Amino acid sequence: DAMVIQNPRYQVTQFGKPVTLSCSQTLNHNVMYWYQQKSSQAPKLLFHYYDKDFNNEADTPDNFQSRRPNTSFCFLDIRSPGLGDAAMYLCATSRDWDPSEKLFFGSGTQLSVL
Amino acid sequence: KNEVEQSPQNLTAQEGEFITINCSYSVGISALHWLQQHPGGGIVSLFMLSSGKKKHGRLIATINIQEKHSSLHITASHPRDSAVYICAVNRLRGATNKLIFGTGTLLAVQP
Numbered sequence: 028d029a030m031v032i033q034n035p036r037y038q039v040t041q042f043g044k045p046v047t048l049s050c051s052q053t054l055n056h057n058v059m060y061w062y063q064q065k066s067s068q069a070p071k072l073l074f075h076y077y078d079k080d081f082n083n084e085a086d087t088p089d090n091f092q093s094r095r096p097n098t099s100f101c102f103l104d105i106r107s108p109g110l111g112d113a114a115m116y117l118c119a120t121s122r123d124w125d126p127s128e129k130l131f132f133g134s135g136t137q138l139s140v141l
Numbered sequence: 197k198n199e200v201e202q203s204p205q206n207l208t209a210q211e212g213e214f215i216t217i218n219c220s221y222s223v224g225i226s227a228l229h230w231l232q233q234h235p236g237g238g239i240v241s242l243f244m245l246s247s248g249k250k251k252h253g254r255l256i257a258t259i260n261i262q263e264k265h266s267s268l269h270i271t272a273s274h275p276r277d278s279a280v281y282i283c284a285v286n287r288l289r290g291a292t293n294k295l296i297f298g299t300g301t302l303l304a305v306q307p
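From first to last, the protein sequence lines stand for chains A and B. Numbering (our numbering) for the first sequence: 28 to 141. Numbering (our numbering) for the second sequence: 197 to 307.
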């Protein structure tokens, strides 16, 4: 059974129209991550939560926001999507913040911006 | 220069062949991950290594900490192994689980 679930699998939005991607986990992990992966590039960390503590990467645009209302769910909000935001968005979790903890990835949401 | 380098970038093999993908890194690490990503798909974690060797089915991963090098081997390759294989590392210093990714190796196994 999937342990990190991302919905939807594919999302199409219009230029400038806010969009929300969701991620849920059944692992009860403390840490949840959002990665952006553009075509043929390595994933890029946008931000992560340790429990309710939000940690933004320095180069993550302000256009990207996140919410974690409880342990199980985490949302990625793109306030005004641009064409350059079309990408695969990957959610991941780990039990704790220690580098020895294994990461568990969701299957991703492929975002298209028209 | 990337902190994590993979070779080759692209690899085509015939079904049944033994495959090796290499990863070199230039930073001190606490762990190294091998990940698999099918076209248009999410990422699956294959191995996490901090020393030695791990085996799972037809997959074998090794790491040499002194040489800062890891290899992923696939025995008796199959077309369903076709995917991008990504090496990623956790930095040794700092209480962080932020991964540094290699650019991936695109593997195509032909029947």
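The hints are simulated quantities; they were obtained by calculation from the structure and are not laboratory data. Any given hint could turn out to be false.
Derived pair list, reagent style DSBU-like, types lysine-lysine, alpha-carbon separation capped at 30 Å [claimed, not checked]:
#1 A/Lys44 - A/Lys65
#2 B/Lys264 - A/Lys44
#3 B/Lys250 - A/Lys79
#4 A/Lys79 - B/Lys294
#5 B/Lys251 - A/Lys129
#6 A/Lys129 - A/Lys44
#7 A/Lys71 - B/Lys264
#8 A/Lys129 - B/Lys294
#9 A/Lys71 - B/Lys251
#10 A/Lys65 - A/Lys79
#11 A/Lys71 - B/Lys294
#12 B/Lys251 - A/Lys44
#13 B/Lys294 - A/Lys65
#14 A/Lys129 - B/Lys249
#15 A/Lys79 - B/Lys264
#16 B/Lys250 - B/Lys294
#17 A/Lys129 - B/Lys250
Sample of chain B residues at the chain A side, in silico, Cβ under 7 Å [what the hints assert, rightly or not]:
#18 Phe214
#19 Leu242
#20 Gly248
#21 Lys251
#22 Ile256
#23 Thr299
Note that the coordinates shown come from a computational prediction; the quantities given were computed from them, not determined experimentally. Beta carbons are placed, not taken as given, at the ideal position from N, Cα and C, and that holds for glycine.
A quick look at each hint next to the structure:
no. : hint                : in the structure
1   : A/Lys44 - A/Lys65   : holds, 20 Å
2   : B/Lys264 - A/Lys44  : violated, 45 Å
3   : B/Lys250 - A/Lys79  : violated, 35 Å
4   : A/Lys79 - B/Lys294  : holds, 18 Å
5   : B/Lys251 - A/Lys129 : holds, 16 Å
6   : A/Lys129 - A/Lys44  : violated, 35 Å
7   : A/Lys71 - B/Lys264  : holds, 23 Å
8   : A/Lys129 - B/Lys294 : holds, 11 Å
9   : A/Lys71 - B/Lys251  : holds, 28 Å
10  : A/Lys65 - A/Lys79   : holds, 27 Å
11  : A/Lys71 - B/Lys294  : holds, 10 Å
12  : B/Lys251 - A/Lys44  : violated, 46 Å
13  : B/Lys294 - A/Lys65  : holds, 18 Å
14  : A/Lys129 - B/Lys249 : holds, 16 Å
15  : A/Lys79 - B/Lys264  : violated, 35 Å
16  : B/Lys250 - B/Lys294 : holds, 22 Å
17  : A/Lys129 - B/Lys250 : holds, 14 Å
18  : Phe214              : violated, 26 Å
19  : Leu242              : violated, 11 Å
20  : Gly248              : violated, 14 Å
21  : Lys251              : violated, 17 Å
22  : Ile256              : violated, 18 Å
23  : Thr299              : holds, 6 Å
In this structure, the hints that do not hold are numbers 2, 3, 6, 12, 15, 18, 19, 20, 21, 22, in rising order.
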